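Number of protein chains: 2
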Amino acid sequence: MTFQRIAIIGFGLIGSSLGRAIKQHGLAGTLVAVDRDEAARAEIVSLDLADEVTGDLVAAVTDADLVILATPVATYAEIGRIIAPALKPGAIVSDVGSVKQAVLRDLAPTLPAHAHLVPGHPIAGTEKSGPGAGFASLFEGRWCILTPTAETDRTAVDAVKALWHAIGSDVEEMDADHHDKVLAITSHLPHLIAYTIVGTAVDLEDDIQSEVVKFSASGFRDFTRIAASDPTMWRDIFLNNREAVLEMLQRLTEDLFALQRAIRWGEGDFLHERFTRARAIRRSVIEAKQA
Amino acid sequence: MTFQRIAIIGFGLIGSSLGRAIKQHGLAGTLVAVDRDEAARAEIVSLDLADEVTGDLVAAVTDADLVILATPVATYAEIGRIIAPALKPGAIVSDVGSVKQAVLRDLAPTLPAHAHLVPGHPIAGTEKSGPGAGFASLFEGRWCILTPTAETDRTAVDAVKALWHAIGSDVEEMDADHHDKVLAITSHLPHLIAYTIVGTAVDLEDDIQSEVVKFSASGFRDFTRIAASDPTMWRDIFLNNREAVLEMLQRLTEDLFALQRAIRWGEGDFLHERFTRARAIRRSVIEAKQA
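Chains A and B supply the protein sequences, listed in that same order.
Position 181 (the first sequence) corresponds to 181 in our numbering; numbering is contiguous.
Position 229 (the second sequence) corresponds to 229 in our numbering; numbering is contiguous.
Source of the hints: derived by calculation from the structure; they are not laboratory data.
Heads up, some of the hints might be wrong.
Part of the chain B face toward chain A, derived, beta carbon under 7 Å [unchecked claim]: (1) S46; (2) T54; (3) V58; (4) V182; (5) I185; (6) H191; (7) V198; (8) L239; (9) Q290.
Just so you know, these numbers come straight off a predicted model, no measurement behind them.
Glycine included, C-beta positions come from ideal geometry on N, C-alpha and C.
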């Protein structure tokens, strides 16, 4: 399963990791890295991460049989409009975005009927950003979710699926709205909470703030790592998965109030029961080899 | 700096790590491990972690020049009452608990005037529990906070300080109430949030719940790790640092509502600004070598 020409648009942590994996497994005749940032392009060239490196979207996707968007979701509509006239018949367009209904809403309408849209989302990443932060093994043993519609060309779906399998991922298909709901709780809410708690600490009086960093090993540092993720990407995720995030946030707030009340009234048994329940989930995560 | 006889009461993750470090650095003539749990004692014996292993508090602390409590905070008052008559003149009593005002409140009144209480809190740990989970290097490069009062014997404080230095920790002294405030934000709130969000996920409909585990690599798994911490220990922490935790929780809730509102109203600039601010803290944590 190889592609003649693969263009990856946006060559940051995910895009460059995918590019590295594609090169390592020999899955593309020509791998094209597209980045609008000149410094990023220079880094891609110096790290020798792609066969062609360009800021020109049209040149990049011309003759490509696979185009993968790895930019913040808010850019999809504009990128779609620019690349649409240059897409060859049968070209597959995919992405790695963390929200999937927005892809159907923003990107699908811009593409020509002769191109096939297969939205995707690899469940992998780190808190780091940029082409230098990527690595080829990022997707090994991780899930990639594809969200084609009932109308999507099955050959195109299978081709994208084969690519992810080839670089070591397991692939699951689901509806875009179901994806967005699952990711709201597993990913979006944890990031929102991490950003919030770190922000709360930043606002503390100066004398405590330096100590927050000093004694961060007690739990806080894990939140700072999550909150180090790319702000632009995360802004777009929250704005494009608004309803599911707000619903999960409402549930979380209720649960938090219940614990707050138990602390206030000294209800130790309630706390112990809730903590024990939560602890059991860790075992499931370890058993599912996602730890 | 060595002690003739050190008794560590409670030989779980922290107690057994401390025991291992003390043995490795040759800081005790005799190291006594005390655990009320028979299975834990058998494990301590089979791992050869101490010179004496007992469930008898009085026998353990008799003739000890240093006694360290490493049990949940709620047990301190009872342990204090049992060991008090057996403490020799000049004996130092310390602990490793995550809250420090409660130690002055619950443990101090039980001890005889001829013993010296030097409360301590090593800022180190993992989500694992039990004697088998400990390791000697746990405290290396980490902070240990001591919270003596103005009346505490300085020689005793220096002796405890020297012990922590010897096993690789940096030591800082502060007031117990200040400690409890700092730890409320750096440790207690992150754990409460992690327990909450994992609990919220547990309550989701069955079809989503299995997927929450499956796709946990997207952020959720970090919370499950934190929420795998010992439920009894954490119940006691929240019940014994109620005011500071409730205050920090109030601040967090306000900040969370501000972000929630921004998501609802599509205020992207506000989100981006908050996320960027939070990201900067990660750099401080890395520079402080606590990452």
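Hint check results:
| no. | hint | verdict |
| --- | --- | --- |
| 1 | S46 | 24 Å, violated |
| 2 | T54 | 28 Å, violated |
| 3 | V58 | 28 Å, violated |
| 4 | V182 | 5 Å, holds |
| 5 | I185 | 5 Å, holds |
| 6 | H191 | 6 Å, holds |
| 7 | V198 | 4 Å, holds |
| 8 | L239 | 6 Å, holds |
| 9 | Q290 | 5 Å, holds |
Of the numbered hints given earlier, the model fails hints 1, 2, 3; all others are met.
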